[in-house]
Amino acid sequence: MIRKLINSFSASFPFGKMAEYTRTDFPFFAAQFLVRVHYFYFLYCSIGLFSRWDFTIGPQTTIEFIPPLAWLSLVDFPTAITIIRVLFIVASLLASIVPQWRWVRILAFVSALEFVSLYFSVLLLDVDWYVWLLTSFMLIFLPGGWSNPVKLPSLARQKFLLVFWSCQTIVLLTYFMAGIGKLYGAFMQISAGQTNLFDPQAGALHIADRLVVTYDTSPFGTWVAGHYLLVWPFFLGSVYLMLFSLYVAFKPSLHRLWGVSLILFHISNYLTINIGFGAHILLNALLFILSPFALDISWKQTASEIPVFGYVFRYFFPKQGIHKG
Amino acid sequence: MKNLTSRYTGFKLLIAGLLISYFVIGLSTEIFLDGKEKNFPPFFSWFLFETVPNKNSKIEYTIRIVEYQGKTIEPPVFYEQAFGIIDNPGSPKSRSLIRTFAYALERKRDDESQRLRRLLEQIYMPGSIKYQVVSVRYDPIKRLTENEYTVKLLGEFTKN
Numbered sequence: 000m001i002r003k004l005i006n007s008f009s010a011s012f013p014f015g016k017m018a019e020y021t022r023t024d025f026p027f028f029a030a031q032f033l034v035r036v037h038y039f040y041f042l043y044c045s046i047g048l049f050s051r052w053d054f055t056i057g058p059q060t061t062i063e064f065i066p067p068l069a070w071l072s073l074v075d076f077p078t079a080i081t082i083i084r085v086l087f088i089v090a091s092l093l094a095s096i097v098p099q100w101r102w103v104r105i106l107a108f109v110s111a112l113e114f115v116s117l118y119f120s121v122l123l124l125d126v127d128w129y130v131w132l133l134t135s136f137m138l139i140f141l142p143g144g145w146s147n148p149v150k151l152p153s154l155a156r157q158k159f160l161l162v163f164w165s166c167q168t169i170v171l172l173t174y175f176m177a178g179i180g181k182l183y184g185a186f187m188q189i190s191a192g193q194t195n196l197f198d199p200q201a202g203a204l205h206i207a208d209r210l211v212v213t214y215d216t217s218p219f220g221t222w223v224a225g226h227y228l229l230v231w232p233f234f235l236g237s238v239y240l241m242l243f244s245l246y247v248a249f250k251p252s253l254h255r256l257w258g259v260s261l262i263l264f265h266i267s268n269y270l271t272i273n274i275g276f277g278a279h280i281l282l283n284a285l286l287f288i289l290s291p292f293a294l295d296i297s298w299k300q301t302a303s304e305i306p307v308f309g310y311v312f313r314y315f316f317p318k319q320g321i322h323k324g
Numbered sequence: 000m001k002n003l004t005s006r007y008t009g010f011k012l013l014i015a016g017l018l019i020s021y022f023v024i025g026l027s028t029e030i031f032l033d034g035k036e037k038n039f040p041p042f043f044s045w046f047l048f049e050t051v052p053n054k055n056s057k058i059e060y061t062i063r064i065v066e067y068q069g070k071t072i073e074p075p076v077f078y079e080q081a082f083g084i085i086d087n088p089g090s091p092k093s094r095s096l097i098r099t100f101a102y103a104l105e106r107k108r109d110d111e112s113q114r115l116r117r118l119l120e121q122i123y124m125p126g127s128i129k130y131q132v133v134s135v136r137y138d139p140i141k142r143l144t145e146n147e148y149t150v151k152l153l154g155e156f157t158k159n
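Protein chains in written order, with numbering that gives the first Met the number 0: chain A, 0 to 324; chain B, 0 to 159.
Treat the hints with care, since some could be wrong.
To be verified - Pulled a few chain B residues facing chain A out of the computed Cβ check, cut under 8 Å:
1. F39
2. F46
3. P75
4. V150
5. K151
6. L153
Said to hold, decoys possible - Below are the DMTMM-like pairs computed for lysine to aspartate or glutamate, each with C-alpha atoms no more than 20 Å apart in a straight line:
7. B/K151 - B/E105
8. B/K70 - B/E120
9. B/K129 - B/E73
10. B/K11 - A/E19
11. B/K129 - B/E105
12. A/K150 - A/E19
13. B/K92 - B/E73
14. B/K92 - A/D215
15. B/K141 - A/D125
16. B/K54 - B/E145
17. B/K151 - B/E66
18. B/K141 - B/E73
19. B/K151 - B/E59
20. B/K141 - A/D198
21. B/K92 - A/D125
22. B/K92 - A/E19
23. B/K54 - A/D198
24. B/K151 - B/E79
25. B/K11 - B/E73
Claimed, not checked - Some chain B residues judged to face chain A by a derived CB distance under 7 Å, without partners named:
26. K11
27. F43
28. L47
29. P52
30. K54
31. I58
Derived from the structure by calculation, the hints contain no laboratory data.
In this text, a Cβ means the ideal position worked out from N, Cα and C, and glycines have one as well.
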């Protein structure tokens, strides 16, 4: 039974189907372009994210130990911030020019890790940037030889696309884990007889409490908090979006729909609880709206594969073919 | 050809293994690093806003500033609203530190609260300031829409 399951899994997208995506040039060239854009964003952020050289605020490593910054005790803070930022600028520039070289991609990941760790320690560079660290780590495993992409053999192109898919999947995995967290929290709160995820006021309570705790404002937060029944379906919808994210990794027909939906989720958060997650939005757009695997897919194919609701659609439109994914 | 195929199979296993590993390690941070689960970038459980704030009584910890540079502030102003007194009152790092400090104070962990007080005053507090550490009880929606809450004093301190 288990062997059958593994064989079925191995034969489906992506592990058993990647060869189909090398029959035309578009998927590989699209993925290659997106990888380059990934490093262009690093280059932009290496200077644009925090353009001022501010040596006045020290790291919070005396409060919270962050392993990538363990070496900060050996140097003074101005030296440390200079090393980290210059390294990130140089690594991003190299990765923008020659992303084909593995050592450059490794350097880009390490420098990004130090950069993110430093600013997480000192300022508010929260988990928003963690997904970029994850994708830059996975990109280390890209095959060699794509300096001349036209001559790259099919197997190398498959490996390239598989790594690109792994970037998509690790991002979707983070949303899936967030969904698990929501269910776990709901279980704990229901067990304790507390307000929980399934309370109609849940979404409004999150919004109100966030704005109160941070003494922040947003365009629609206060209004939404006062009209909790309107926000409740969207709140439950966001949990659904997260829980089925990992499933979507294996369904190319859903990549674009899920990418747009996740972006809308972040935009709505920004408009209500003032949490931007701009880095997530850009990465979702790169990985999913332009997914190299979402080729020639009709809206009916997409609708038939939507988790849970696809069953309803197939009931009314039973003749829809299933996409090769 | 067979060698290439087996290497590709090994590559697929590697990718799958990395993804599964991240899932396991990420969730593990929630179990083994409670309160510090974000401190090992990029490993993280992604448990964000996993519990719904209690609609009847949410408790939050903060600071109220009662005196600054010899002048009494009436009514006392919350730390997060103390623009002109605190350099960056919206800093999530300071908010986290204040919360930890207040928690230690409430549970009478003297050594820990003294250490955290020193850190707080050294990094975030200006000189000549008298402040109270308080717990605030509220319904989030009522506090946002009607500004209703109750305050309990945990301690009062002065930094010269």
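Verification of the supplied hints:
Below 8 Å, beta-carbon pairs count as interface contacts, and B/F39 has one with chain A at about 6 Å; its hint therefore holds. The closest approach between the C-beta of B/F46 and any C-beta of chain A is roughly 3 Å, which is under the 8 Å cut-off, so the hint is satisfied. Annotation: B/P75 was flagged as interfacial toward chain A, and the flag is violated, the nearest CB pair being 14 Å apart, outside 8 Å. Checking B/V150 against chain A by beta carbon gives a least distance of about 14 Å; that is not within 8 Å, so the hint is violated.
Against a cut-off of 8 Å between C-beta atoms, the interface hint on B/K151 is violated, since the closest Cβ of chain A lies about 17 Å away. Hint status for B/L153: violated, given a least beta-carbon distance of 17 Å to chain A, over 8 Å. Simply put, B/K151 and B/E105 have alpha-carbon atoms about 10 Å apart, close enough for the 20 Å limit, and the pair holds. Between the alpha carbons of B/K70 and B/E120 the distance comes to roughly 19 Å, so the proposed pair stays at or under 20 Å and holds.
Simply put, B/K129 and B/E73 have alpha-carbon atoms about 13 Å apart, close enough for the 20 Å limit, and the pair holds. Only pairs whose Cα atoms come within 20 Å are accepted, and B/K11 paired with A/E19 is accepted, the gap being roughly 16 Å. Straight-line distance between C-alpha atoms of B/K129 and B/E105 comes to about 19 Å, which keeps the hinted pair within the 20 Å bound. Restraint check: the Cα-Cα separation between A/K150 and A/E19 comes to about 18 Å, which is no more than 20 Å; the hinted pair holds.
Annotation: proposed proximity of B/K92 to B/E73 is violated, straight-line Cα distance about 27 Å (limit 20 Å). Between B/K92 and A/D215, the direct Cα distance comes to roughly 16 Å. Compliance with the 20 Å bound is thereby established for this hinted pair. In summary, the hint linking B/K141 to A/D125 is not supported, as the alpha carbons are separated by about 28 Å, beyond the 20 Å threshold. Only pairs whose Cα atoms come within 20 Å are accepted, and B/K54 paired with B/E145 is accepted, the gap being roughly 14 Å.
Distance restraint check for B/K151 and B/E66: the Cα-Cα separation of roughly 18 Å lies within the 20 Å cut-off, and the hinted pair is therefore satisfied. Restraint check for B/K141 and B/E73: not satisfied, since their Cα atoms lie roughly 24 Å apart, outside the 20 Å limit. Between B/K151 and B/E59, the direct Cα distance comes to roughly 11 Å. Compliance with the 20 Å bound is thereby established for this hinted pair. For the proposed pair B/K141 and A/D198, the alpha carbon gap of about 17 Å is at most 20 Å, so the pair holds.
Distance check on the hinted pair: B/K92 and A/D125 sit about 10 Å apart at the alpha-carbon level, within 20 Å; holds. About 49 Å separates the Cα atoms of B/K92 and A/E19, which puts this hinted pair outside 20 Å; it is violated. Proximity of B/K54 to A/D198 is assessed by CA-CA distance (about 10 Å); at most 20 Å being required, the pair is judged to hold. Distance check on the hinted pair: B/K151 and B/E79 sit about 17 Å apart at the alpha-carbon level, within 20 Å; holds.
Proposed proximity of B/K11 and B/E73 is contradicted: the alpha carbons are some 66 Å apart, above 20 Å. A least Cβ separation of about 5 Å between B/K11 and chain A falls short of the 7 Å threshold, and the interface hint therefore holds. Below 7 Å, beta-carbon pairs count as interface contacts, and B/F43 has one with chain A at about 6 Å; its hint therefore holds. Because the closest C-beta pair between B/L47 and chain A is about 6 Å apart, less than 7 Å, the hint holds.
Hint status for B/P52 relative to chain A: holds, with the closest Cβ pair at about 4 Å, below 7 Å. Look at B/K54: its Cβ gets to within about 5 Å of chain A, closer than 7 Å, so that hint holds up. At a threshold of 7 Å, the smallest CB-CB gap from B/I58 to chain A is about 11 Å, leaving the interface hint violated.
When held up to the earlier numbered hints, the structure conflicts with 3, 4, 5, 6, 13, 15, 18, 22, 25 and 31 and fits the remainder.
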